[in-house]
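First to last, the protein sequences are chains A and B. Position one of the first sequence corresponds to residue 35 (our numbering), numbered consecutively onward. Position one of the second sequence corresponds to residue 1048 (our numbering), numbered consecutively onward.
Covered by chain A, according to a simulated footprint, are these stretches of chain B (three or more residues, beta-carbon under 8 Å):
(1) 1086-1094
(2) 1109-1121
(3) 1125-1137
(4) 1184-1197
(5) 1201-1208
For the record, the hints were derived by calculation from the structure and aren't laboratory data. Owing to the predicted nature of the structure, the values given are computational and were not obtained by experimental measurement. Glycine included, C-beta positions come from ideal geometry on N, C-alpha and C.
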Amino acid sequence: MSPADPSEFGCGGLFLGCQKDPKTMFIRLTYCLIILGLGSIAQADLSFRAMIEPAQVFPGERMSYRLDIVSSSRQSSLNPSDPDFGGLTILSGPTAATQIINRNGRVRFYQSFEWILSASEPGRYVIGPSVLESNGGTYRTEKTNLVVKPQSEDGLPRELRGENLIFGQTGDHAENRRLRNRLFIRPQVSNESPFVGEPVVLTYTLYIDGITLGDRAEFMFPEVGGALNKQLYQAQSLEGDEFMYDNGKTFKVITLYRHVVTPTRPGDLRVTGFGLRTSVVGSQPRRTRSMFDNLFGRGVRVELPTPPINLSVKPVPHVGMPDKFTGTVGDFTLSVGVDRNDAGLDDLVTMKVQLSGRGAIDLANPPTLDLGEHFSLAGESVDVRRVESVDDLRGHKIFEYILRPNRPGRLELPALSYILFDPYTAGFRTLKSDPLQFNIAPGRDPLLDIPDPSVSHDAAIRGPLAGQVYLRPMLDLRTGRSGTIVNRPLFWIFHLAAIGMLVVGWRIDNRRSKRDPERERRRKAWRQFEKRVQHIGKGVSGPNNLSNAAGDLESAVRNFIADHFNLAADGLTRPMIEGRLFESSMGFDQVNRLCELMDRCISLKYAPQSMVRSFDLQECRREMTSILREVKS
Amino acid sequence: MKWIKIASLRSIRVARCMVLATYLVGLQFCVPGTNAAAPGAQQRDLIQEAEQAYNEGDYDRSIAAFEKLAAQAPEDPVVLFNLGMVYMQAGQRGRAIWRYLQGYQVSPRDKQIRHRIRNISTDLFDQMAITPIPPLNRLYESLTMNEWGGLMVVSGGLFALLWTLYFIIPLNHPLRVKIRGVIIFLGVMTLIIYPLGLARYYHEEVIVKGVVVEEETVARTGPDEDQIETFALPAGTIVEVDEVLWDKKWLKISFAGGRVGFVPRSTVEFL
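Modelling step: build the complete structure from the supplied sequences, incorporating the hints.
Next up, the structure:
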């Protein structure tokens, strides 16, 4: 081996030719240290690079574009510029991530910015450079070339070839290729360039070929601004019928979501995409499953996000537009009806104008009414009844008008015409109704009846509108203001006086009670008697109960007499009762009758059952009460 | 004595009839009213001018003449009715409703005014209703504020009078039993009349009400044209006036459902 040229050995070569000269060796060692120091300074600088994964994709497939920044010192504000993604669609991003790695005592700071991209069409795409400025230096990534290969349509039925299909996307590209042409969503638009007011039906159908999906599924619903959006159908599960196609393959076909968008203004209209998120059962997950994977069951999480749909909304054509165009767009029919043809002048007639058919019935405008001179409008209302349909928008809009006849006689309501624009034939149509005939009888209040000017004329009815309205004669005139009675002091003085009178009456009663305790006692006795007697005999059935009730009645009377005359009820004999009742200026017959009734009541306790049954307790109670009322008063 | 004479009444029914008669007589004396008389020469000229202008279709002149007449006879239902009619013909629906409602306040049993109001707006009576019970509403609507006040005076007065009399009469006197029925009858009447009368007073005197007379009136969030528009008020809407602001140029109003806003003073006429 020949001695090597020291210059070929880099830094090591510095020492080979100077082993005997310490001075030269010192100088060279100093150089070496300087070079090493510069090297470490150079390593403190950052590296900036772009990466795309995978390098080869198909239309609709997701790819990740990442900008990585690695530096040896922490730099807080590193903001690379967004690259020009050309015709690629940004699905999400940029997502920023920071990482610090300490390897053998050397610290590295990693920063990454990631975009998720997708290409809608096959072709060649170029992602422009990204620029980063740091510590006075400018760093730039290289342009990235990407080739999107055309979709392989092997295994697809003929009718689905060339369609914009959205295939299932997982985090694993190998899994994505396995799902290709076996799990996809087919978005369908009924009309991509509708007229203003024309409903557009958007349907998202899922096709599955031999893939088992998890139980759970999550939908991301489309949104739209500047248009009415109404859901027609939404799948409740991922179950559907199987269809065999021309290529011999069987697909399970599930209509996931259908909605109808009705544009309200011309121009470009963007409807955001629909999405399905679920899991594929039977596939092995690429990485350790995270806690979020459990949300979508076992298997690999799969997403099918459809791209936004752009509609080009055309205005209603001005050429050929009739002057009386109502502004309604749709395929509707018109029907007009009234609740009665024979009515009085005091009656109100209800006319219903109904629009029915296909189209955005909510946006249908009311007709222009021509009521003629015979009717005037007293009120109106609108009611919309939608027909439940999963295919398109259908319904009825009912305009209800309350009409008041202006005069009696045989009247006619002119025919109604309604001009609309039919987007399905792209032409204007005029809907017409027949004129309506009415027989209006004179009103019930003669003062309010306006006679038919062609038949007769009432001198009392004046006015320029041929008897439609009139002024009332002013024979007397009420001048001045009456004022309000409640605001007058006399009103309140009077009420104070009335309250005073009530208080006086109450005070008189109180004082009288205090002066006469006997009266108070007698009043209490009567109250107690009424309370006892109130419930006696109610709902009594059977002889035993009847005899007991009769005993209670006799006891109540005895107690009342005792309380009224301030005696003890237990020792009260018949002569004592008679004597007291006579003293209270009661008639002889009444006293005898009361005692007789009391005896009858008490004797029922020992009487045979046949006798008890014939006893009329209520009558006895009434009679005793009326006799005792006199005692009380 | 007077109460001995009353004792000779044979039944309570006669007493009740007397109470009702007293009500009617009392109403005549208690209720303040206006003087109805044949119009004077100047008023006759105004009537003639208003009618002539109306017949010629010159509604502005007719309105001016009727307004002069209404200033002299502000509580004449016929003048208010005719004024409403002319406003209606002139296309001023809000002012027509305002005048009809004024006529309805002074003469609630006037069939023609009621008929006109019902024809112009079917829900005006609903706006004025105090309860969802139709018979009670009809009773409430059928009398004016002053008539309700008169009834309150008569029924309250009679009730207090008989109540006092009841306690003054000796205990054993048979008149007490008879008078008791009348007092109960009067008590029930008072219990019905007072709430309705006070409700009428509250709605007519305590709450200041107005009618939106201008078409396309818009309530704003503050008393200024620069404030945000909150809701539209169709002509003829009855509103409650909560406050008069800014040198009487703006009104703070509240509307059905508790909505509050500010409108220019010129768009609302007080009832």
